[in-house]
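J.: Chains as they are written, first to last, in the UniProt record's numbering: chain U, 1 to 397; chain Y, 1 to 397.
It is worth saying that the hints were derived from the structure and are not from the lab.
Note that the structure is a prediction, hence the values are computed from the model and not measured.
Heads up, some of the hints might be wrong.
If you anchor each label on the Cβ, the simulated ranges turn out as follows [what the hints assert, rightly or not]:
1) Gly230(U) / Gly333(Y): 29 to 39 Å
2) Ala215(Y) / Arg349(U): 27 to 37 Å
3) Gly168(U) / His220(Y): 52 to 62 Å
Rough simulated footprint, nothing fancy, chain Y against chain U, three-plus residues with beta-carbon under 8 Å [said to hold, decoys possible]:
4) 269 to 283
5) 357 to 368
In this text, a Cβ means the ideal position worked out from N, Cα and C, and glycines have one as well.
Number of protein chains: 2
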Amino acid sequence: MTGLEEVRLARAAWSRLVEPGDVVAGALVASLGPVEALAWLRSVAAEGAAGAPVAAGGLDGLVGTPASRRRLGVAVGRWAPRLATVDPARELRRVDALGGAVLIPEGPGWPGRVGDLGPSGPMCLWVRGRTDLDALTAPSVALVGARASTAYGDHVAGELAAGLSTAGWTILSGGAYGIDAMAHRGALATGGPTVAVLAGGVDRLYPAGNARLLAALVEHGAVVSEVPPGSVPSRSRFLQRNRVIAALGGATVVVEAAWRSGALSTAGHAAELLRPVGAVPGPVTSAASAGCHRLLREGRAVCVTDAAEVIELVGPAAAGPAVRTHEAREVDGLTAEGRLVLDALPLRRGGELAHLARAAGLAEHEVLAEVGHLELAGLAERDGPGWRRRRSPARGS
Amino acid sequence: MTGLEEVRLARAAWSRLVEPGDVVAGALVASLGPVEALAWLRSVAAEGAAGAPVAAGGLDGLVGTPASRRRLGVAVGRWAPRLATVDPARELRRVDALGGAVLIPEGPGWPGRVGDLGPSGPMCLWVRGRTDLDALTAPSVALVGARASTAYGDHVAGELAAGLSTAGWTILSGGAYGIDAMAHRGALATGGPTVAVLAGGVDRLYPAGNARLLAALVEHGAVVSEVPPGSVPSRSRFLQRNRVIAALGGATVVVEAAWRSGALSTAGHAAELLRPVGAVPGPVTSAASAGCHRLLREGRAVCVTDAAEVIELVGPAAAGPAVRTHEAREVDGLTAEGRLVLDALPLRRGGELAHLARAAGLAEHEVLAEVGHLELAGLAERDGPGWRRRRSPARGS
Chain U
1 MTGLEEVRLA RAAWSRLVEP GDVVAGALVA SLGPVEALAW LRSVAAEGAA GAPVAAGGLD
61 GLVGTPASRR RLGVAVGRWA PRLATVDPAR ELRRVDALGG AVLIPEGPGW PGRVGDLGPS
121 GPMCLWVRGR TDLDALTAPS VALVGARAST AYGDHVAGEL AAGLSTAGWT ILSGGAYGID
181 AMAHRGALAT GGPTVAVLAG GVDRLYPAGN ARLLAALVEH GAVVSEVPPG SVPSRSRFLQ
241 RNRVIAALGG ATVVVEAAWR SGALSTAGHA AELLRPVGAV PGPVTSAASA GCHRLLREGR
301 AVCVTDAAEV IELVGPAAAG PAVRTHEARE VDGLTAEGRL VLDALPLRRG GELAHLARAA
361 GLAEHEVLAE VGHLELAGLA ERDGPGWRRR RSPARGS
Chain Y
1 MTGLEEVRLA RAAWSRLVEP GDVVAGALVA SLGPVEALAW LRSVAAEGAA GAPVAAGGLD
61 GLVGTPASRR RLGVAVGRWA PRLATVDPAR ELRRVDALGG AVLIPEGPGW PGRVGDLGPS
121 GPMCLWVRGR TDLDALTAPS VALVGARAST AYGDHVAGEL AAGLSTAGWT ILSGGAYGID
181 AMAHRGALAT GGPTVAVLAG GVDRLYPAGN ARLLAALVEH GAVVSEVPPG SVPSRSRFLQ
241 RNRVIAALGG ATVVVEAAWR SGALSTAGHA AELLRPVGAV PGPVTSAASA GCHRLLREGR
301 AVCVTDAAEV IELVGPAAAG PAVRTHEARE VDGLTAEGRL VLDALPLRRG GELAHLARAA
361 GLAEHEVLAE VGHLELAGLA ERDGPGWRRR RSPARGS
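Pulled out of the complex, with its shape left as it was, chain U reads as follows:
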């Protein structure tokens, strides 16, 4: 067994021993290394010292104070009960049989930006499908939202995903019903890759109703989890899963979310990680958009309405040339005086200079100058001794 494989086994074991987001475990592994930390845990647990103060070489920085020493003792008490059931080699064989792999920070394919999570980051990532998760998610956007989505939200999620996918962005989501599913489908529809981060093990394509969709992701992207095969998707794992989506994505966009929604926690994690957060507005009469409006109202998200605006959100540099062109109107180029004269011009019979000056509230020499500009712009024409309007553009109020 190479050093790398030993590390992989140790990290796989740690992902079984601890619940996602365990910062004490994360700090311990970062401090001692995965293999050494596991050996240390085994030795401490063998002493039956759960809950008791612990000490070990290399832990000085971690347990420098009595409080942190107690904290580590409590943590050991949490991890130890699972030691007996840990069998990482068997679990690696299991994911291997599924055509998957375990990615680790020390090995290839690891998406470095997950490191932004610090000690609360995943011990490893169990992956089915493409294992070059670094390349796969290098330009990626997380599209998340309500499971109880509306037809409007489904439509927008699909459109955004298709637009972003076409522009070369990988779509990340959680594989759930509703917005998540539509985001994955929108990407698949354009032939683009898409990645689902699951709350349970990658052996169970949960929820069952999305099993076929998730199987398609295994073919055209990846299904990822930080918990080992066989793990159930519990409530706290759903919440912790959201931080992995937020960390993997270059930005997180909430398409539809109720006032209380897990999607808002993903947005919160993204903001903590200094990732841009977008929210898609919707009808104020729709409860499914209340969470998006909440994010906008509280200034925690930028309003995004199409793929171009999402790309602008992820990085202005990536947006390239003008994302949206609005037709310029002829009158836009006019001075204030030009507008006054334009307003003063009769539509039918030409108005004489003195009349135009009174109507516009300008001096006659000013009217003369402006009417010349308006003639050049095709907005005025001579009529007898005066001037009249020429084919007016739509009037705006």
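Add chain Y to chain U, keeping to what the hints say.
T.: This is chain Y only, laid out in the frame that chain U set:
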């Protein structure tokens, strides 16, 4: 004629002589006083000096430099052509015959906050209906938006206006078709007062299709304009009118607006006047909401979805106690450990301590403590030698 009536006549004359927003006229009137400024203009015009350099006592501050002297000369050239047609006494009789009045900063009923416009502010306000415009608009919100509104926008405008009106706020708008009309109607439906600021004279209830609605405003509020009776609502007057709406309102809320919309200029004026600006989101698939989303996206408006949020926007103090109550869920009070144990509890047959500790990833003594809290919270119950879940609330992801 009292001094006040002389000032009123002079300001009425100025409102005929100059186009709305003429800062040179505003500065001149502020500097000399309306009566003296008018007398000065008459004397200068009589000398036929339009366009030529001018000088007069009391103007030193205004025309201290050659450039400002030239500027005033140009302005005189603009105002002079209209001098011959000015007859303020006749116009005052005209608005009096309509049951209206002319409000001036020096007299009663003047809404002081319009003074925030400085020299670009109105010379006077021609009013039909209630003439105590100060009291009428003291707590007021401007609801503005697209003429080409959708059924969604109409609904929201009506709901917002009714809600704000019920809470004691006067609804301001522009009397136009679409959102404006629905805002006025929503206020009238609750018996609340509402004020329309018109771009043309108050003698013409424009647009014609809203004549009955505007007549109802004369009965239950007011119709206001800074231009004298007989004035046509030109494009530039529409744009200038928007600054009066923005200045009169305690806040401006855009309900629906296309990407280019006059409502956005009202929002811009409100922002310049340091008034809060709100925007109502809508479907991203609706062009009628694109302007609102633009305001939100550019951080120029706060997202508002109901009357309570508008009131919060105008002033947190005015909002009173909690504007919105969201039901608290039992699980919200739990610690992270409590949630882990809750997740670990079986639904049917009780799980024993060792099992729960492994499932939750916690030490047994922690599970024991947490399961006690869960029992107290009614979320767990004993079952044989272990514990199980009690009536789970809806699971949130």
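J.: Determine for every hint whether it applies to the structure shown.
T.: Here is how each hint holds up against the structure:
In this structure, Gly230(U) and Gly333(Y) meet the distance hint of 29 to 39 Å, their C-beta atoms being roughly 31 Å apart. A beta carbon spacing of about 33 Å between Ala215(Y) and Arg349(U) agrees with the range 27 to 37 Å that was offered as a hint. Distance hint check for Gly168(U) and His220(Y): the Cβ-Cβ separation is about 58 Å, which falls inside the suggested range of 52 to 62 Å. Here the stretch 269 to 283 of chain U counts 4 residues with a CB under 8 Å from a CB of chain Y, which clears the bar of 3, and the coverage holds.
Under a criterion of three residues with beta carbons nearer than 8 Å to beta carbons of chain Y, the stated coverage of the stretch 357 to 368 of chain U is upheld, 9 such residues being counted.
When held up to the earlier numbered hints, the structure conflicts with none and fits them all.
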